[in-house]
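Residue numbers (the numbering used here), protein chains in the order written: chain D, 650 to 1027; chain P, 650 to 1027; chain A, 650 to 1027; chain F, 650 to 1027.
Among the clues, some could well be false.
[What the hints assert, rightly or not] Chain A regions said to be covered by chain P (calculated; three or more residues, Cβ under 8 angstroms):
id, region
1, 656 to 669
2, 715 to 723
3, 740 to 752
4, 974 to 980
5, 1010 to 1020
[As the list claims (entries may be wrong)] Using C-beta positions, here's what the derived DEER-type ranges look like:
id, chain 1, residue 1, chain 2, residue 2, range
6, F, K655, D, M981, 27 to 33 angstroms
7, A, C951, F, Q652, 24 to 30 angstroms
8, F, T779, D, A861, 35 to 41 angstroms
9, D, D984, F, S758, 44 to 50 angstroms
These are calculated hints, taken from the structure and not from any lab test.
Quick caveat: nothing in here was measured; it's all calculated off a predicted structure.
By construction, the Cβ of each residue, glycine as well, lies at the ideal position given by its N, Cα and C atoms.
There are 4 protein chains.
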Amino acid sequence: MNQFEKKTFPIKELPSGDHLNLTIYRVKGDKPGPHVHIQSSVHGAELQGNLVIMEMLRYLQKNPINGSMTLIPLANPQATNTKFGTTTQGRFNPITGNNWNRNYTDISSKIDYKTFLDKNIQLEWKDLKTEFKKEIFNQCNFELNSNDFSIHSSENKKLNLILQKIASTADIILDLHTGPKACRYLYSAEYQKTQAKDLYAPYTIIIPNEFAGAMDEACFMPWVNLHKHLTEQDIDIDPDVFSFTVELGNEEEASSIDAINDCKRILKFLHAQKVVNEKPVLNEQQQFWSELSNYHSYYSPCGGLFEPKVKPGEQFEIGDILANIHCPRKIMNLDAIEEAVISIKAVHNAALINHTPTTAIGEGMEMIQVLADLKRWD
Amino acid sequence: MNQFEKKTFPIKELPSGDHLNLTIYRVKGDKPGPHVHIQSSVHGAELQGNLVIMEMLRYLQKNPINGSMTLIPLANPQATNTKFGTTTQGRFNPITGNNWNRNYTDISSKIDYKTFLDKNIQLEWKDLKTEFKKEIFNQCNFELNSNDFSIHSSENKKLNLILQKIASTADIILDLHTGPKACRYLYSAEYQKTQAKDLYAPYTIIIPNEFAGAMDEACFMPWVNLHKHLTEQDIDIDPDVFSFTVELGNEEEASSIDAINDCKRILKFLHAQKVVNEKPVLNEQQQFWSELSNYHSYYSPCGGLFEPKVKPGEQFEIGDILANIHCPRKIMNLDAIEEAVISIKAVHNAALINHTPTTAIGEGMEMIQVLADLKRWD
Amino acid sequence: MNQFEKKTFPIKELPSGDHLNLTIYRVKGDKPGPHVHIQSSVHGAELQGNLVIMEMLRYLQKNPINGSMTLIPLANPQATNTKFGTTTQGRFNPITGNNWNRNYTDISSKIDYKTFLDKNIQLEWKDLKTEFKKEIFNQCNFELNSNDFSIHSSENKKLNLILQKIASTADIILDLHTGPKACRYLYSAEYQKTQAKDLYAPYTIIIPNEFAGAMDEACFMPWVNLHKHLTEQDIDIDPDVFSFTVELGNEEEASSIDAINDCKRILKFLHAQKVVNEKPVLNEQQQFWSELSNYHSYYSPCGGLFEPKVKPGEQFEIGDILANIHCPRKIMNLDAIEEAVISIKAVHNAALINHTPTTAIGEGMEMIQVLADLKRWD
Amino acid sequence: MNQFEKKTFPIKELPSGDHLNLTIYRVKGDKPGPHVHIQSSVHGAELQGNLVIMEMLRYLQKNPINGSMTLIPLANPQATNTKFGTTTQGRFNPITGNNWNRNYTDISSKIDYKTFLDKNIQLEWKDLKTEFKKEIFNQCNFELNSNDFSIHSSENKKLNLILQKIASTADIILDLHTGPKACRYLYSAEYQKTQAKDLYAPYTIIIPNEFAGAMDEACFMPWVNLHKHLTEQDIDIDPDVFSFTVELGNEEEASSIDAINDCKRILKFLHAQKVVNEKPVLNEQQQFWSELSNYHSYYSPCGGLFEPKVKPGEQFEIGDILANIHCPRKIMNLDAIEEAVISIKAVHNAALINHTPTTAIGEGMEMIQVLADLKRWD
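The shape of chain D in the complex, shown without the other chains (with noise of 0.2 angstroms):
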């Protein structure tokens, strides 16, 4: 059966001395395999992942697998402990303001692709592969323990590393996430577009083979670049590392009946991936995908209350109300109440991926968001 390893070690010390852990689960199936690492709640308020973890770990439990699997759940413990008021801050490090999923560092440009093949191109794919890993994992050690990182390192910029770092061994990266309140989505760059759709999500972003400070692009441009450069040589080789941002419905939820049916679709995923023996029992659903130039943030005319009108997940057209701005303080007479409630149409034809959890809202606070020029998958 699958063997289970748990290590627990401190990522940060508090001003009062006290340390923040990371806790690593590691679970080795009976069979070779690729290695793949689940990590959840980098944004501290997106908390679904845990419980999908956890489900995935009921599930180890049971069903040897081919390969290995590294979990960690409640990746960013400072963003899960912010709070201000009952809710949890968790999108932002409250000392900064910098995106807890923007703070990656681009190893990808700090590989030398010319030495690196110089040296092991002669290798077949799978060597290759296995030697490309350890020169990410030497990288990311390299900037952790630069004399220049003690000096230079911004302030949460030690435990992205060190997430990146223990990714670096993967073949599959599925970062959990949520919108605040949304539907199920995917976040997929181009080239592994086909593998995508077994993650069996209703909408997918196709975004652009490029790093933008986010954990998947940290994890997949070493590999796109790495292709990029074999291609120059000629040899064409698909690449086989993925690198996923999945969204798992609103922030500050979880549920484990949800849960189930999350780990479900990754496990469909794992299966079309061989890691997983038994492919999974899904309900039918209809998929669709467009491009990140598609993806549309509606941002609020004025000051209001927020009352939505389209729920995640439901598409609409060009004209549709979406939702309505209530500002009870613009009335003016008996007779012109409706005029103090400002209806947001929509300009798209598309799908609300997600909307705001408030509903009291300023102008200029992005209220929705929308995907539009959907295609279908087949």
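Fit chains P, A and F to the given chain D structure using the hints.
Chains P, A and F alone, transformed into the frame defined by chain D:
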């Protein structure tokens, strides 16, 4: 038809020199009758009441009333504007930590009942009432204008006192709040328990006739004490000034559909008080009440992820599971996953009134509030 | 020489599953004598006391004492770790708004003095004291362990009760705080006014022998009430358990040079109490005191930029300018610039004890606290 | 004499329906000359610039200028009003985490230089400049008014764009900021290094001629690029539009005495630019500069209490102790107290430009910023 008047005036100058304002709607009916004061959002994230006020204005547009009404939506603009991250922290002053609904002044304790009654005891109750309203008004004014105030007022005492002063002329005061994640319920003082039933809340918490800093108490205590002094002089008059805190579901929520029903429940009360002529049609429901001493909080025994298993408004028995706390980092091995799920069991036969809106929960954080020893109203 | 012991134990589990801990240093002298309890940073940004505790340990390294000492630096780790932006918001619980130094339990009110004295009145004072310390300790323990507590404890009551319990065995309790921008000063209960002088603060505020939620009060109230009951039985004993709140300058400041002097002032007190043998040499200074009723706050009459004109510790007369509020957006024309500068004039002959650490100040915000009707100690 | 005009208009509607406003003072001299734009407090806690603007108005009251001036105090009211606890968190948007001075629009990249020059190249520089200012103004307007904006603008882009638009007509732009705890210093783009010296800052950081989101860059980049295009067409004109970020000491501080000197330094620059006739008298001081690549941050290696040992503005050598971190809970025994004090030693020969305003410091928090490889200006 009803006459409408709108008044807006500054209540706080911000550091930038900009002003926060109060907007007051006054509606006067054709015929004489009680004066009704309705305000909402003294806690800044408790927003549903504003839609109820808008709904009430829609009613007033078409239906003449007996008496008059003061409606103050968004009565605490500073609180509704306070955000850290996307949600609203509107429960306490972000500078001082003071709960916005515990800062009212104990006007009752500043009234010289003996002198007042020496002068007015010969009046009929109707006229005595008018004189006593003036007395409350004058005491509020005195506090607001005293030299002492300019030096000694706490951060938000001014706003509270202004609200008290505006409400001093009312016969019926409704302070619209919400819970965190909550059912509809009501706080009623002991003395007005009979009338409370007309507000048609599924649950009513009976509080003592005492002052503890809240708006409802600040408004009813002068009348409670007046009644006590009258009784001492063997004058037996049923007090007919009423003041309630009305709880309207979840914070950070604005439902215009629910607002229609919430408004109807208030109209039912106003019908009983002869302010409105039509009796609104409401779905039948059971109503329960219990004393404040039966209102219990459950605090988290550990840190983890809170998943409620009983919904606000539902009743349960001792031993029932109210919630699970998932502790994703406490799994010791694959055979012991369920040990990382802590069940919170009921120690009362009760109804769940509200639970926390957060999922990330620390040891000692308030999770759940229940009302036990329920009595049915028939 | 003195014996040293260190103890660390968890006091709060965070949502992430990590723990905040208390660290307690215990130092035992060669000879018997009073037990001293010193804690710092219950308000998280009030940090100077920690350096004073480190300085005290340096003293204890070299100088044997009579009796023993408990030293708890950073006694409220959650508070010291709470930041929004670069500075520390350590005054109130960020989830509930509760002031961290108003949450102690009124243990005094839970003691049955009659039963206790019936049983112990025949004891000598020294032994009675030992028994009464046990009584306080047991009451704290009872509160901590009651079923009731697990259900009804507020967010941070546990920490407060643990600190009370630890302090229950002490004869001398010093709770080290700071003001916002403040001079050195002291809170002393009426009954221990004579001893207060030995703490050598330039200003002492005499508070009533009453409980209002703070640590010093929570610790002295059982002894105040014991003394009252003894007096009723015609037993005349000078109370010799002392509990003070010691204010050590500015929050968000740590000066190791000032800590040397702050420590000396405490040693002067401990010398008078026969805990230390050497009398520390201190620069001469004048000492003033006044009653809490003479401690006045000045609140801002407008929004603007606060510039203090009197420093903490300085004395002034009625009419003196204490501060200017600059209102840069209120200039109406080039000839009226000075009208945009509002002068705050003293309405007391007093000393400025502290002023706000912020410059951006809203209407009604506390600016300045002064102590009037100063009496000189000679 | 100078003419004065005041204009106030709303820039943001709050959830409550209240408005935050901008106030703009415009002063026009008797004679023609450059137009000067001075704004302060885009970072909300950086307040000294407002007193400098008030001081500048006092100067303008008495001294006619050549040209005109726009003065915008408290240019970001939302930021100055943002508090959690008593201090101001004005560095980033509390909802999004976005740094308020990294949200300007790259107007430069939206200008079609080729088309503009095709049309205007024959003009004299004076007239070309006027036309190009119009071009910048129109681009800002276009961004503000595009349909796209109403849907796609980020939370505070509107404020930034309005400030850019107002500044588009200026020849000299001064954006007044402060550090956390800082000396006076200056950011200057490479191309305006000669002029920078006249602002008489003790330290100047030379930044590349590039856009990274800040106001100074947003204002100078169109001119840098215009110059580049002119040079390509062999037209050699010295750029004479200047844009600086001026750092005026500590945040959360307002010193009217320092403001007199800060204003004089600006007047010295304006004298060199022929806006004012009198040369202000300033105390002599040394001036140093270095490139941005020599500006280094020191991050804390641990959690603890930060005590700086070098003051802002002071210079030091490699190995000097810049600060101590006291770790009061790390003392293992009475003989090892000093091991709980971590010294931060310089790894540069440099000047300390600023340090954190907090004492409670977590691992990885930015403590100190230094400017190395100093060059002396003579």
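Hints versus structure:
1. 656 to 669: With 7 residues in contact (Cβ-Cβ under 8 angstroms with chain P), the coverage given for the region 656 to 669 of chain A holds.
2. 715 to 723: violated (count 0)
3. 740 to 752: holds (count 8)
4. 974 to 980: It holds, with 4 qualifying residues against the three required.
5. 1010 to 1020: holds (count 6)
6. F:K655 with D:M981: 27 to 33 angstroms: Cβ of F:K655 to Cβ of D:M981: about 29 angstroms, so the range 27 to 33 angstroms holds.
7. A:C951 with F:Q652: 24 to 30 angstroms: holds, 28 angstroms
8. F:T779 with D:A861: 35 to 41 angstroms: Distance hint for F:T779, D:A861 holds at roughly 39 angstroms.
9. D:D984 with F:S758: 44 to 50 angstroms: Once the Cβ atoms are compared, 49 angstroms apart, the range 44 to 50 angstroms for F:S758 and D:D984 holds.
Hint check: a violation occurs at hint 2 only; the rest are consistent with the structure.
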